[in-house]
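K.L.:
This is what each chain is made of:
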Amino acid sequence: MKIIVCVKVVPVSDSVIRISPDRKTIDPTNLKFDINPYDEYAIEAAVQLKEQNGGEVIAISVGPARDSISLKRVLALGADRLLHLVIDDKPLYDSMAIATILAEAIKPLSPDLIFCGKISIDTGNGLVGPLLARRLDWPCLTGICELKFKEDHLVIGKDTEIGRVHYESSLPCLLTTDKGLNKPRFPSLKDIMLARKKETIATNIGVPEQVSELVGLNSPDARQVGIILGNDIGAVPELIRRLREEAKVL
Amino acid sequence: MEIYAFIDCKNDTISKTSAGCLTLGRQIASPPNSILTAVVPQKTNLSVAKECGRYGADQVVFIKNPGFELSSPEGFAKVLENFLRKKQPEIILFPDRPDLRDSAAILADSTGGSIAVDCLRVTVGDGGDLVCRRPVYAGKAMADLKLTRKPVYITLRANTISPIIDERSGDIVEFCPDLIPPKTLKILETRPLLSKRPALTEARIIVSGGRGIGSSDNYHLIEELADTIGAAVGASRLIVDAGWVSQIHQVGQTGKTVTPDLYIACGISGAMQHLAGISSAKWIVAINNDPEAPIFKVSDYGIVANLFDIIPEMIKQLQTTNEQSK
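Those sequence lines, one after another, are chains Z and E. Just so we're aligned, residue 1 is where the first sequence starts under our numbering, counting upward by one. Just so we're aligned, residue 1 is where the second sequence starts under our numbering, counting upward by one.
Isolated chain E (complex conformation) (with noise of 0.2 Å):
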């Protein structure tokens, strides 16, 4: 059995959902020793490849000349499929991002297999066959689904799989040298971001606003305490649509479902749709003055009181105990 894994990078060091899937790799190749394979868009250092061995990884492929994150799902995807046609792995796996998510399925239907995308983990059925969970209703219902043809795409949300050191050669075996996407789409401009906060899908920490921060003037309390804790910054469907901020901000059903360590909701009474969207966070924290407030029922941690005299408290007492430990 051959297996690839897709490697996201940032900083010369890979994401942590990447080595979540060498590690995965790991655990559902059959036999044990089948080969691992990981597969790296070089705008990275080469030492990348050591880190990928650490993680499982036999083998490394870097990919040239990049580019893809803007290219169109399918321009990625032919790249990939010349270079996996010569391949022919069973598996192959991508942390879940929405443009890998979108290759990943126009690539699981090129080569003629199957794929289950924003996997929470993977079991290896009766008979051989992979079994996928992944959250339904945006985290209402959880469906096993298991994928009868071969080869499996899958791709594996942030947070979810612990990766697990279990040293491997990591040797480089090749470079594709000519992966230059077919440009199928023009790209006029790019407007970059100028935020450097994590990305909600993938972030550690969360700190979130509702309807409690009383207007769209307070959201930077929101943004203060996320930045003193190095989280991202999430929003409630309802501040969204009043027009507060901004809708890649919006956690829940209809937003961003997220799986976090630590999700801070401030002023947030918990729709049940909100609910949904956070049920899978390790740990969650609820600041509201309102003790009936549905978000207190799922909370680990919560304060009954006014956001505007805790929030404050927490940034002076965080950025105290952060400078004394420096």
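Extracted from the complex, chain Z is given alone in its bound form (with noise of 0.2 Å):
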């Protein structure tokens, strides 16, 4: 079976952000970034079907060339070969260009499945998955917290609106993954070693034509710092109060 994982460097979930002077980027200085934390749901349930059943796992990433160090990481939790697509140090805010040019990559490698991770959380947009499944004309399941390989097909659950739902698929698909499908390991040394002699391809590439454009980034609107109404039960009739008169929420 040949496994696609679809990754994205992201700056980690703790990072404060700062918006740089031209609005359009954000301050790289004090960041650090890591593999995005739905994509390891993905990496590792990739890994385990090639475990289980054999095969290839190719991770693929389009991101700037400073990603290359966090990527890294993809080949020590068990992928095969990691094929970098790069791209200038600017966000990509358009999900439509990101499926574009991951279709022209994966296209020629025919794979059996795909999976991406939910979202990411820095554009927090969740949409490359399904745009991707769409170029390649494949069905697509998202968030998706349970999978079994039975011989010839998928069953996945997957938990929706009103409830747990179980489907059944058959290859190819594309699936992308939510907190709690797995356990993402952590590398051995060993397979760090190891990772080191994996295939890294990084290719240079140019962002096709854009349906959005990002006019600014600004931030949010600051909290007023609030009031503390006591240090026992006695605050209680006066936070009751004060949500039902001042707030009006209750």
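I should point out that these hints are in silico values taken from the structure, not numbers from a laboratory. Certain hints may be false.
[As the list claims (entries may be wrong)] A short list of chain Z residues far from chain E (calculated; beta carbon distances all over 10 Å):
| # | residue |
| --- | --- |
| 1 | Glu51 |
| 2 | Arg73 |
| 3 | Met193 |
[Said to hold, decoys possible] Computed cross-link-like contacts, DSS-like style, restricted to lysine-lysine with a CA-CA straight-line distance of at most 30 Å:
| # | chain 1 | residue 1 | chain 2 | residue 2 |
| --- | --- | --- | --- | --- |
| 4 | E | Lys10 | Z | Lys32 |
| 5 | Z | Lys248 | E | Lys196 |
| 6 | E | Lys186 | Z | Lys107 |
| 7 | E | Lys87 | Z | Lys90 |
| 8 | E | Lys146 | E | Lys196 |
| 9 | Z | Lys72 | E | Lys50 |
| 10 | Z | Lys2 | E | Lys297 |
| 11 | E | Lys64 | E | Lys16 |
| 12 | E | Lys186 | Z | Lys183 |
| 13 | Z | Lys24 | E | Lys297 |
| 14 | Z | Lys107 | E | Lys150 |
| 15 | E | Lys78 | Z | Lys107 |
| 16 | Z | Lys90 | E | Lys316 |
| 17 | E | Lys297 | Z | Lys32 |
| 18 | Z | Lys150 | E | Lys78 |
| 19 | E | Lys316 | E | Lys297 |
| 20 | Z | Lys50 | E | Lys196 |
| 21 | E | Lys186 | E | Lys146 |
| 22 | E | Lys196 | E | Lys10 |
| 23 | Z | Lys50 | Z | Lys148 |
| 24 | Z | Lys183 | E | Lys256 |
| 25 | Z | Lys90 | E | Lys150 |
The beta carbon of each residue, even a glycine, is placed where N, CA and C say it ideally should be.
Put the two chains together into one complex, using the hints given.
P.N.:
Right, dumping it as structure tokens:
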């Protein structure tokens, strides 16, 4: 089974985000970058399937050159090789452009299965998976939290508005992974050493036409520091009164 | 200009976010008397058409045989695509929901348009292009995106645009009879949710618990307070990772970004990624015994005390006043 995992490098979730003076980028100083948390579930799912059924796991990432450091971890986590499609160091907000790049790179590889994280914690669109599936004309399911491979088909669990639904899908298909699907492994020293011998190809590419344009980034409205109403149960009536009369939310 | 708004219904009433979509449709309609059409999945009573009219819909189209909640996104997108191709609207609005977001993206791609999801507000920029404001980095920054290619697809986040009454006729103009999504996937079984609580991303009030609750056995306190005021329940990443509660409740950058009117944080210290996820809440209450907890820097009202004293007292007092008002 040939499995593709799409991976993105993002500022880690406890980062303080500062907007650059040009209001089009964020200030990368002091930012720590790592693999998008939801993509770790995608890597783990792909590697588990390979371990059970044989085959190959190819990781693909679209991002600036500096991502290469963080991307090494993808190989330590079990991917067999890595394709890094290098773009300018400007955040790409247009999911359609990313899907175009990925579809072009993936088509010649003719995989059986593609995994993406459900959403990236930077731009927060969650659209690359479904868009990539459309470009390949594949079925897709997003935000999956259960997965089993049975002979020639997949059994997939997903939490929806009405509850957990189990699906059966043949291959090929594209799945985006949610927290809870699996527990991503911690690479051993041996995994890290082995990863150094794995193939990484970095190719510079141009960004295709974008259908949305970033006008600017803004800071969210600052919150006012509120008031402490007390330090025992005596504060409860005042809290309830204020929520009813001042905030009018109860 | 033609604008379509997809309407989400529960118990024969349109959701607040759907009404917000109709209000948004009227706000960005140019010229102002452009036709705004509500697209309603018909598992509901036809009377919802009147409600759509009240919030500004000129006409209403019902989709028969929906069932797309369980379909794969491309299945539902195909269904709507056939319909929209005939109509050629310039703007299509959806309430933001994971399944609708996926389908809207596929539709935008297959009809050659552009998309912005999870939008907080939309304005008409110079030259008539729509500019959508949406959170990035889970709300640590706001991005203004200009959508340059029509048709434009927008998903609107819950609790952002207050519906405004703008009486229009809401005439039922069409029933789409054969919108049965193609079956690209087989549904094996559905295990319905037992919880009657609202969904986190749509809830008006959220009661959320963190490490301060001490163990999974105490999460029932969070649930009881939530049920007293009809709220959804949330959790910090720490207690989800510890396995105390299911990840579907996690609030924050690696969980759900929420926009309730009221967020009650109980025993949550307020890690950066959690604060980002609640930054758009209108009112925040913090209950924590550590006066230095970062959560107090963003909360409107705080009580520095043991949550095991405060929460039962809140439940007691809220129940008493609830009964009095009955």
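K.L.:
A separate judgement is required for each hint: does it hold in the structure or not?
P.N.:
Status of the hints after comparison with the structure:
1. Glu51: holds (24 Å)
2. Arg73: Holds, since 17 Å exceeds 10 Å.
3. Met193: About 28 Å separates Met193 (chain Z) from the closest Cβ of chain E, which puts it past 10 Å; holds.
4. E:Lys10 x Z:Lys32: violated (43 Å)
5. Z:Lys248 x E:Lys196: With a Cα-Cα distance of about 24 Å, the restraint between Lys248 (chain Z) and Lys196 (chain E) holds, given a limit of 30 Å.
6. E:Lys186 x Z:Lys107: holds (25 Å)
7. E:Lys87 x Z:Lys90: violated (37 Å)
8. E:Lys146 x E:Lys196: Roughly 39 Å between the alpha carbons, so the hint for Lys146 (chain E) and Lys196 (chain E) is violated.
9. Z:Lys72 x E:Lys50: violated (58 Å)
10. Z:Lys2 x E:Lys297: Violated - the C-alpha atoms of Lys297 (chain E) and Lys2 (chain Z) are around 50 Å apart, more than 30 Å.
11. E:Lys64 x E:Lys16: holds (22 Å)
12. E:Lys186 x Z:Lys183: holds (27 Å)
13. Z:Lys24 x E:Lys297: Holds, at roughly 28 Å.
14. Z:Lys107 x E:Lys150: Between Lys107 (chain Z) and Lys150 (chain E) the Cα gap is close to 27 Å, so the pair holds against 30 Å.
15. E:Lys78 x Z:Lys107: holds (22 Å)
16. Z:Lys90 x E:Lys316: violated (54 Å)
17. E:Lys297 x Z:Lys32: It holds: about 24 Å lies between the C-alpha atoms, which stays within 30 Å.
18. Z:Lys150 x E:Lys78: Within the cut-off at roughly 29 Å; holds.
19. E:Lys316 x E:Lys297: Since the Cα atoms of Lys316 (chain E) and Lys297 (chain E) sit roughly 28 Å apart, the hinted pair holds (cutoff 30 Å).
20. Z:Lys50 x E:Lys196: violated (40 Å)
21. E:Lys186 x E:Lys146: violated (38 Å)
22. E:Lys196 x E:Lys10: holds (13 Å)
23. Z:Lys50 x Z:Lys148: holds (12 Å)
24. Z:Lys183 x E:Lys256: holds (19 Å)
25. Z:Lys90 x E:Lys150: Answer holds: Lys90 (chain Z) to Lys150 (chain E) is near 25 Å, not above 30 Å.
Hint compliance for this structure: hints 4, 7, 8, 9, 10, 16, 20, 21 are not met, and every other hint is.
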